[in-house]
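J.: Same order as they appear, the protein sequences are chains A and B. Residue 425 in this note's numbering sits at position 425 of the first sequence; the count goes up by one each step and never skips. Residue 330 in this note's numbering sits at position 330 of the second sequence; the count goes up by one each step and never skips.
Treat the hints loosely; a few may be bogus.
[Unchecked claim] Once the Cα atoms are required to be at most 27 Å apart in a straight line, the calculated DSSO-like pairs of lysine-lysine come out as:
#: 1; chain 1: A; residue 1: K453; chain 2: B; residue 2: K327
#: 2; chain 1: A; residue 1: K413; chain 2: B; residue 2: K240
#: 3; chain 1: A; residue 1: K445; chain 2: B; residue 2: K327
#: 4; chain 1: B; residue 1: K327; chain 2: A; residue 2: K163
#: 5; chain 1: B; residue 1: K224; chain 2: A; residue 2: K479
#: 6; chain 1: B; residue 1: K63; chain 2: A; residue 2: K232
#: 7; chain 1: A; residue 1: K232; chain 2: A; residue 2: K430
#: 8; chain 1: A; residue 1: K413; chain 2: B; residue 2: K224
#: 9; chain 1: A; residue 1: K105; chain 2: A; residue 2: K275
#: 10; chain 1: B; residue 1: K63; chain 2: A; residue 2: K453
#: 11; chain 1: B; residue 1: K63; chain 2: B; residue 2: K136
If you're looking for bench data, these hints aren't it; they were derived computationally from the structure.
Residues per chain, in single letters:
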Amino acid sequence: MSHDALSISCMTCRARESSFPAIFLVWRADIYKNLIGKKNSSIIVAELAPHTDGEEMEIVRPHRARTNHHNDAVSTLPLYRSAPSLEVRLEDFELFAMDRLRVLKGISDGLSRGKKPEEMEKLVKDLWKANMGHQDASEVVNKDIISHFVLRLVYCRTEDLRKWFLSMETALFRHRFGRERSDAQRALMAEFDLPCKPVSSAEFENLKEKLSQVARSIIGQQTPTADSIYYKVPFEEVPELVAGRRVFIHKGYAYVAMNQVVSLVVTQFRSNLSKALILTNRFSFKIFTSIMFRLSALVFLISFLYALSEVMHDFVLVLCATKCIIANTNIYKLSSVVAFAYRKWTSTIREQEKDRLTPIVEALCTSYLGPDYSRPKEFGEISINDLDQLAESSFPLCMRHLFVKLREDHHLKHGGRMQLGLFLKGVGLKLEDALAFWKAEFSQKVGAERFDKEYAYSIRHNYGREGKRTDYTPYSCQKIISSTPGVGDHHGCPYRHFSEENLRAAIGRMGVGGRAIEDVMDKVRNRHYQLACTLTFEAVHGSSCDAGINHPNQYLNDSQKILQAKVNAAL
Amino acid sequence: MVAGRLFPHADIFKWMSYGNDGKHPGCDNSYFGRREFSFTLDNDIYLRFQSFNSASELENAIKEKCPFKIDIGPVYSVDPAKRHAYAQGGDNNVFSPVERELIFDIDISDYDDVRYCCSGADVCLQCWPLMTAAIKVIDTALRDDFGFSHILWVYSGRRGVHCWVCDGKARRLTNEQRGAVADYFRVYKGNENSNKKVSLPGPVLHPFLARSYTDILRELFEEKLLSSQQIFSTEERYEKILSMIPDESVTSELRGKWQENRRSSNDINVSRWELLKHMLQSGKNKAQGLRRCVEEIVFAFTYPRLDMEVSKHMNHLLKAPFCVHPKTGRVCIPIDPQNCDEFDPTTVPTLSEVSMYMADDYLLICVTSCSGELLQELNTGCLRADVGNGMLI
Ligand SMILES: [Zn+2]
C-alpha cells in the first residue's frame with residue numbers, strides 16, 4: 001500500500017468530502033490484498049437486512065423452499081423477501097456485489113441507448129450468464145441472493161441511488177420472470193399476495209368484445225378466445241399497462257391477459273423492494289455496526305474509522321489510523337482507536353450524520369455511477385457574458401437548442417427550465433447570475449414582475465435555496481433521453497425527440513455535414529442516441545471521444561479540455 | 001382583499017378535511033393541518049407551506065394577509081409549516097407528500113396551433129368548445145374507466161379548466177400511478193420539434209379512444225370546428241393538414257382537386273374535408289396507415305391537451321377553486337360536466353358583479369345546500385342553476 005494514496009485521502013477529505021469515497025476505494029483494494037486476503041472472515045447474509053421483531057423468528061429461504069426435487073418446473077428465481085442465513089466470505093461479499101453491479105450497469109446502459117425489448121432480452125441473458133453464471137446451480141442461487149442483499153445495503157442510502165437500483169433490479173427481474181415456464185410463473189405468482197382474481201366466464205362473455213378490441217389495438221397481442229385466462233385487477237396495481245393503454249379498464253378495474261401478468265408481478269416486486277430499501281436505509285446504521293462488531297475485521301474497522309473521522313472532520317484520527325496501518329499495528333490497537341472515535345462520535349453528532357456513515361458502501365456507488373456533476377469542478381465559475389460563446393463552442397445539442405429557444409422566445413416551459421437550468425448550474429453559473437440570466441430573457445416576455453413572482457422561486461429551488469433545500473443534480477443523458485416532452489416543450493434529447501428533418505438541420509447548424517451527418521443519423525435510426533451525440537461531438541471537435549457521452553456536463557467539460565489544449569498548443 | 005371576502009373558508013375546510021373534522025369517531029385531527037396552502041400577496045411575495053388547523057385559522061390568515069391568489073398543495077406527512085424542525089432530525093424522508101387529489105390542468109393556450117380565432121390567454125365562444133370536449137372526454141373516462149365519482153371541474157378564471165378528483169383512492173395514488181393515468185390520456189407523441197403530433201398505432205383504436213372519437217371528438221370537429229375555425233379555408237391551413245398524411249401521391253392529388261373547385265356553393269371547409277375522407281377511407285387507400293389518418297387529424301385538432309406534469313406529481317400546486325382570478329377578476333366557479341355545453345366563460349361573473357349580489361356572502365348559496373356529499377352537490381346541485389342563469393344567484 002502506498003503512502004501517497006493515504007495522504008491524498010487526508011488532504012482531499014478536508015477539501016472536498018464528496019471525493020473521499022472514490023479515493024478510499026483505491027486505497028481499500030490494497031488493504032484487501034495485504035491484510036485481509038489471508039484472513040478468513042465471513043458474515044451471514046441475514047445480517048444485511050433489517051429485522052423487525054416478527055421477522056426475527058422467520059427463517060425463510062425462498063430458494064430452498066422451492067428447490068423441491070419432485071417438481072422440476074420450479075423456479076430458481078428468488079423474490080428476495082427475506083435475507084437467508086447464508087454464510088458469505090468477506091472477499092466474496094464485494095466480488096459478488098461487483099458482479100451483480102456489472103449486470104445492472106449493463107442493463108442501465110442498454111436502456112439508455114433505447115434498446116428494443118428483444119435486444120434487451122438477449123442483453124440481460126448474456127450479462128447474467130457472463131457475470132453470475134456457475135456450473136453449480138446452487139452456487140448461482142447463493143450468489144444471486146447474497147449480491148442482491150449486499151447491493152440493497154449499498155443502494156438504500158439516497159433517493160437517487162434507491163431509484164436507480166429499483167429500476168435496474170426490476171428490469172432484471174422482469175426479464176428473468178419472462179423466461180420462466182408458465183407453470184413456474186404461476187408458482188411465483190402464488191408466492192406474491194396479488195390483489196387479482198380470475199375473470200368469471202359470465203363476465204368474460206359480457207366483456208369479450210371490448211377485450212378483443214384492446215387486444216387488436218396492440219400489435220402482436222393475441223385476440224382472446226373462450227379459454228383465455230384474464231385477471232381482474234385494481235388499475236393502480238398495473239400502472240405500466242394502464243399507461244400504455246394495453247388493458248381494458250372499467251370501473252376502476254383493469255382486465256389483464258395471462259401473458260401480461262408479468263407486469264402485475266413486476267409491479268408487486270418493485271413495490272416490495274421499494275419498501276425494503278427504505279427500511280434498510282432506516283436501519284443501515286444498526287446493520288453496519290452489528291456487522292462491524294461481530295467481525296472485528298480490519299477492513300471494517302478501518303473503513304468505519306475513516307467514516308467517523310470524515311464525519312467529524314477530525315484529521316488527527318485519520319493520521320492516527322494511517323500510522324496504525326503503515327506500522328501494521330495489530331487489530332486490538334486499532335480497535336481501541338475505533339472505540340475511542342466511536343464514543344466521541346456517538347456523543348456528538350450521531351443523529352444527524354448516521355446516514356452518511358458507510359463509506360465502504362458509498363465507494364461502491366461512486367465507482368459505478370460516475371462522477372458527481374452537481375458541483376462544477378474543472379473550470380470553476382463562469383459569468384453570464386461567456387455563456388453565448390460557450391453555448392456556441394461547447395454545449396451539446398440538447399442544451400444548445402434550449403439556449404437558442406430561450407434567446408428566441410424569451411420563454412421555456414418547466415421541463416426546459418429544469419434541464420437547462422441545472423446544466424448551467426453544473427457549468428458553474430452562480431445563483432445570482434442564474435437569476436439575472438433567466439430574468440433578462442423572461443422579463444421580455446412576461447415582465448420582470450411576473451418573473452420574480454412565478455419563476456424566480458424555481459430557480460432558487462434548483463440551487464437548494466427553497467423548498468426541501470436539496471441541491472439538485474444536473475440531468476444525465478439517461479434521464480434526458482427518457483423524458484417525455486409534450487406540446488410546446490423543447491427539452492429532451494434531440495437525437496431521440498426531433499423529427500429526422502429537424503435533427504439534420506440542427507446538426508447542420510453545428511457545422512457537421514457530409515459523411516458525418518449520415519453516421520449520426522444511422523445511430524439515431526438504431527436508437528443509439530448517446531452514440532449519435534458522441535459522433536456529433538467528434539465531428540465538431542475533430543478529435544475522438546473514447547469514453548462516449550453520458551452526461552451533458554461531461555460533453556461540455558470534454559469539449560473545453562480539447563479547446564483549451566488547442567489554445568495552449570497555439571501559444 | 002380580492003380573495004378574502006369571497007373565499008369560502010368553511011367549505012374548503014369541510015371539503016379538504018374529508019371527514020377528518022373532529023366530529024366523527026376515528027378521524028385524524030391532524031389531517032387538514034398537514035395540507036399545504038400557498039399565498040401570492042399583492043406585493044409579489046410568494047408564501048409557500050402555509051398550514052391551518054381550522055376553518056377560522058384559514059379565514060383569519062386570509063383576512064390578515066389578503067392574498068390575491070391562493071394555491072393548494074398536497075397533504076404532507078407532517079405539518080408543512082414545521083418541516084424544518086422535522087428535517088433537523090436527520091431523516092430527510094420525514095417530510096413528504098402523502099395525499100393529494102388527482103388533478104388535471106387544461107389550458108386553451110396549448111391549442112394555439114389549432115385555433116384561428118384567438119391566441120394565448122384569450123378565449124371566445126368559437127374555441128371554448130375545445131375545453132368542453134376536453135371535459136367530456138376526461139370526465140367520462142374518470143368515471144366509467146377509472147371508477148371515480150367525486151370529481152370537481154372548475155373554470156380556472158381565465159384560460160382553461162381544472163379538474164379535482166377527490167375519491168380516497170385517487171388521493172392516495174403514488175406518483176407512478178398518477179403518471180400512468182396521465183399517460184392513459186396521452187396521444188401526443190411529438191413535441192415542438194417533430195411533425196407528427198398525434199400517433200395512433202395499432203390496427204384498431206383502444207376502446208377509450210374509440211369512444212372519445214365517436215361520441216365526442218368527431219362531432220366537435222365536423223359540426224363545429226370545421227366551419228367555425230375555417231380549418232380548410234386557406235392554403236396555409238390545409239397544407240398543415242396535408243403534412244399529416246404520409247403518402248405524397250395522395251396529398252398532391254388532394255391539393256390539385258382542392259385548388260380546382262375553389263368556388264363551391266357549400267361551405268368549402270366541409271367539402272374539402274369530405275373529399276379528404278373519401279380519398280383516405282375508400283378504394284386503393286384503404287390500407288391501414290392512411291385510413292387512420294382521418295382519425296389522427298380529428299384527434300390533432302380536438303383531443304384534450306393536458307399539462308402532464310401537473311397530474312404526474314403529488315406536490316404540484318393548483319389554484320384553489322372559488323378564488324377570483326387576479327387578472328380577469330372572474331370567479332373560478334365549478335362547471336357541471338353534465339351540462340358543460342351551457343357553460344359560457346365570457347359571462348362568468350367577475351368580482352365586481354358578484355359583490356353587487358352579495359347580500360351576505362354569495363357562497364352561502366352553496367353552503368346551505370352542501371350538507372353531506374359536498375362535491376357532488378357542488379357539481380350537480382346548487383351551481384347548475386347558477387351557471388344556467390349565467391350569474392351566481
Ligand atoms: Zn377563440
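J.: None of the hints should be skipped; say for each whether it holds.
T.: Status of each hint after checking the structure:
no.	hint	result
1	K453(A) to K327(B)	14 Å, holds
2	K413(A) to K240(B)	24 Å, holds
3	K445(A) to K327(B)	17 Å, holds
4	K327(B) to K163(A)	41 Å, violated
5	K224(B) to K479(A)	41 Å, violated
6	K63(B) to K232(A)	50 Å, violated
7	K232(A) to K430(A)	53 Å, violated
8	K413(A) to K224(B)	31 Å, violated
9	K105(A) to K275(A)	22 Å, holds
10	K63(B) to K453(A)	21 Å, holds
11	K63(B) to K136(B)	37 Å, violated
The structure does not agree with the numbered hints 4, 5, 6, 7, 8, 11 stated previously, though it agrees with the rest.
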